[in-house]
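Novice: One letter stands for each residue in the lines below.
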Amino acid sequence: MTDDTLTDDAPTSDGAPAGAASIARRLEAILLVVEEPQSLVSLAAAVGAPVAAVRQAVEGLVADYDGETGGPRRGFELREVGGGWRLYVREEHDDVVSEFVNTQAPSRLSQAALETLAVIAYKQPVTRGQVASIRAVNVDSVVRTLLSRGLITEVFTDADTGAIHYGTTDALLVNLGINSLDELPRISPLLDDGADGFEGEVVR
Amino acid sequence: MTDDTLTDDAPTSDGAPAGAASIARRLEAILLVVEEPQSLVSLAAAVGAPVAAVRQAVEGLVADYDGETGGPRRGFELREVGGGWRLYVREEHDDVVSEFVNTQAPSRLSQAALETLAVIAYKQPVTRGQVASIRAVNVDSVVRTLLSRGLITEVFTDADTGAIHYGTTDALLVNLGINSLDELPRISPLLDDGADGFEGEVVR
Amino acid sequence: MAPSPEDADTITPAGDAAPPVETADGFRVSLPVFDGPFDLLLNLISQHELDITEVALSRVTDEFIAYLRALGPEGDLDEASEFLVVAATLLDMKVAGLLPQGELVDAESVALLEARDLLFARLLQYRAFKEVSSWFARCLQREDRRHARSVRLDEKYRSAAPELRWTLSADDFAALAVVAMTPTEPPTVGLDHLHAPLVSIREQAAIVVTLLRGAGSLSFRELIAGVAQPGVVVARFLSILELYRHAALSFEQLEPLGELTLRWTAERWSEENLATLGADYDR
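Chains as they are written, first to last, in the working numbering: chain A, 2 to 205; chain B, 2 to 205; chain C, 83 to 365.
So that you can see chain A by itself, here it is in the shape it has in the complex:
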């Protein structure tokens, strides 16, 4: 692997340490086989390099694939979603790829499912009863759908009441194309007022 450093430091030659290029090459190998977004920590363990160096190499690859380091803008890109990094087809080629693989898109979520998902995302961990009291309808079957889609999961069960508390999954973040819950649109001004009152009501 030592010969790597001789030939492939072109894209990261600007001030990167000697091993950076070869970290990037090993990252490329790992990224080719992973099926889920990989955190920097996991990538660092895989390529046997410090997290800081891996972070730098990842950033270098993103720029590299984006065509910002002298090479072409690749047909794929390196994206950070759901708390990790993963290779994606670049958006402008999605149509070409869709036509080729001809995969059926998963069926759309109903409006009720979307609203329930939103409530769970913002109020997690939250019980079905609490969600139902906000939406004022029974949400059991919708919660089941969201569970089987892997968008939400059971976080814990209250020892006293037996009530299951639900939260969202990393798969939801991936499905939304965001990296963390912090990227959800802010609706807190409204919630801060309303929510407090409701907690009391839920108990009733």
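No lab work stands behind these hints: they were computed from the structure.
Be aware that one or more of the hints could be misleading.
[Claimed, not checked] What the simulated footprint calls covered on chain A by chain C, stretch by stretch (three residues with Cβ under 8 Å from a Cβ of chain C suffice, anywhere in the stretch; the number is not a length):
| id | segment |
| --- | --- |
| 1 | 24-36 |
| 2 | 119-127 |
| 3 | 171-184 |
[What the hints assert, rightly or not] Anything over 10 Å on all C-beta distances counts as not near chain B; from chain C, calculated:
| id | residue |
| --- | --- |
| 4 | Leu166 |
| 5 | Ser216 |
| 6 | Arg220 |
| 7 | Leu222 |
| 8 | Asp226 |
| 9 | Arg227 |
| 10 | Val233 |
| 11 | Leu258 |
| 12 | Glu285 |
| 13 | Val309 |
| 14 | Leu323 |
| 15 | His328 |
| 16 | Gly340 |
| 17 | Ser352 |
[As the list claims (entries may be wrong)] So the derived label-pair ranges between C-beta atoms look like this:
| id | chain 1 | residue 1 | chain 2 | residue 2 | range |
| --- | --- | --- | --- | --- | --- |
| 18 | B | Pro126 | A | Ala64 | 41 to 49 Å |
| 19 | A | Arg145 | B | Ala172 | 27 to 35 Å |
| 20 | B | Arg109 | A | Thr158 | 19 to 27 Å |
| 21 | C | Ser282 | A | Thr158 | 33 to 41 Å |
| 22 | C | Ala329 | A | Thr162 | 38 to 46 Å |
| 23 | A | Phe157 | B | Gly85 | 18 to 26 Å |
| 24 | B | Glu60 | A | Arg56 | 29 to 37 Å |
Just so it is clear, CB atoms sit at the ideal spot from N, CA and C, and this is done for glycine as well.
Starting from the known structure of chain A, fit chains B and C onto it as the hints suggest.
Specialist: For chains B and C alone, kept in the frame of chain A given last:
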């Protein structure tokens, strides 16, 4: 896609026709998602370009990934295997990838994986969606694990819905110490009642 | 950080998004004080621009039912369930709105106003989630079209995985299948943490009747003198309410939270009345 030709003709600039670079980019997109090696004809159909141009673009990409066009020698390579082209991890990184796979795959199946396997064994042929609905959790990653462990296999794909139906393999029988699926202990009452109920839910 | 800059455009704060105008095919309300789509009605009410007491809920309901009929059996279930949410909230608000609200003289009216605010808050909260759900729909739809690399592992790497250690017998496996396929019980509120012994309202009523007929008039404090268990106090109070329903007693309270005085007023009372008393509390 037109702006591609301005920036990314570096690797194929030597006499290639104007659209070659953008063919290469679309090829990269297709190659990122394919499971099986693709013939030039199939690739040409996918990117909507003449076979000759695709052949040239593929050769350009091979050289590009091999670091012969000014860029780095990538951690992956484009190789022709069995009459088709596919991305592979470059051989010198095999150790890193093997080690990564090794640490990712524990020697025992998780409880979730075992339960999913049991559902598939008794309900086969069965789709992921049906299993997910029975188990009330997303089973995508578990199904991948079971597939990679060779315990289940794709039996057929529904022509209408495109849904893949899974069944168990002989490897499972060997592990269980039985000769055929008929020797699985009977648990029919549950199957008749409970399962049907869920089927209904899946449809809804 | 979202990797693509386009994301910035699509993340609009829910507050000012509010594009709920589906006037073309959505449900419209026609009232003397208002004519327009249902969502707008909600909007106005939540902004206090329309007094909820001016809205005849029964008329809105009638029109909505007519609207649903017109839609036919394959009508939009989402819209119907949404209407139920909204109608329930409107009803709550209307109850609060119709109650007299003079000046803030006593704790009771403050509480009423708070309840009213709470209902507004509730409506706003529901709207917030409803609006933000469109952001979820947009993102999910956009990502549905994206393709991540997800390719089966090469055989040579697959064999690098450690050999599977299998410990289950066929019977274990069958047992596991039963567990996995048993539908999970709908969650129920556990009562195991409640240990209070059951107290009979009928028995407590018998005690109250005996005490009250003897004394003619007693304060509630006197009625529960010497009772240590909260459950018995509650049951005795409930029995008083039941006896009041039977016109067996009257009560008097001069000021809020003041002394509660009970007076035996039954002209005809037989022990048979006791037998059916508190039947509502039986299961």
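Novice: Now look at each hint and say whether the structure bears it out.
Specialist: A quick look at each hint next to the structure:
Counting residues of the segment 24-36 of chain A whose C-beta sits closer than 8 Å to any C-beta of chain C gives 5, which meets the bar of three, so the coverage hint holds. Only residues whose beta carbon comes within less than 8 Å of a beta carbon in chain C count, and the segment 119-127 of chain A has 4; three or more means the coverage holds. Only residues whose beta carbon comes within less than 8 Å of a beta carbon in chain C count, and the segment 171-184 of chain A has 7; three or more means the coverage holds. Residue placement check: Leu166 (chain C) keeps its beta carbon more than 10 Å from all beta carbons of chain B (closest about 19 Å).
Listed as outside the interface, Ser216 (chain C) is consistent with that label: its C-beta sits roughly 23 Å from the nearest C-beta of chain B, beyond the 10 Å cut-off. With 10 Å as the threshold on Cβ separation, the claim that Arg220 (chain C) sits away from chain B holds: the shortest Cβ distance comes to roughly 22 Å. No Cβ of chain B comes within 10 Å of the Cβ of Leu222 (chain C); the nearest lies about 15 Å off, and the non-interface call holds. Every CB of chain B is more than 10 Å from the CB of Asp226 (chain C) (nearest about 14 Å), matching its label as outside the interface.
The beta carbon of Arg227 (chain C) is kept farther than 10 Å from every beta carbon of chain B, the shortest such distance being approximately 13 Å. With a cut of 10 Å on Cβ distances, Val233 (chain C) falls inside the contact zone with chain B, its closest approach being about 5 Å. The Cβ of Leu258 (chain C) sits about 4 Å from the closest Cβ of chain B, inside the 10 Å cut-off, so the non-interface label is violated. With a least beta-carbon separation of about 45 Å from chain B, Glu285 (chain C) lies farther than 10 Å from that chain, consistent with its non-interface assignment.
With a closest Cβ-Cβ approach of about 48 Å to chain B, Val309 (chain C) is found to remain outside the 10 Å limit, as its non-interface label requires. Listed as outside the interface, Leu323 (chain C) is consistent with that label: its C-beta sits roughly 44 Å from the nearest C-beta of chain B, beyond the 10 Å cut-off. For His328 (chain C), the condition that its CB be more than 10 Å from all CB atoms of chain B holds, with the nearest at approximately 48 Å. With a closest Cβ-Cβ approach of about 55 Å to chain B, Gly340 (chain C) is found to remain outside the 10 Å limit, as its non-interface label requires.
A cut-off of 10 Å between C-beta atoms confirms that Ser352 (chain C) is not in contact with chain B; the least separation is 53 Å. For the pair Pro126 (chain B) and Ala64 (chain A), the beta carbons lie near 46 Å from each other, so the given range of 41 to 49 Å is met. The supplied range of 27 to 35 Å is met by Arg145 (chain A) and Ala172 (chain B), whose beta-carbon atoms lie about 32 Å from each other. For the pair Arg109 (chain B) and Thr158 (chain A), the beta carbons lie near 25 Å from each other, so the given range of 19 to 27 Å is met.
Our hint of 33 to 41 Å for Ser282 (chain C) and Thr158 (chain A) holds, since their Cβ atoms are close to 34 Å apart. Hint check: Ala329 (chain C) to Thr162 (chain A), Cβ distance near 40 Å, so the stated range 38 to 46 Å holds. Remark: the range hint 18 to 26 Å for Phe157 (chain A) to Gly85 (chain B) is contradicted by a beta-carbon distance near 49 Å. Under the hint 29 to 37 Å, the C-beta atoms of Glu60 (chain B) and Arg56 (chain A), about 35 Å apart, fit the expected range.
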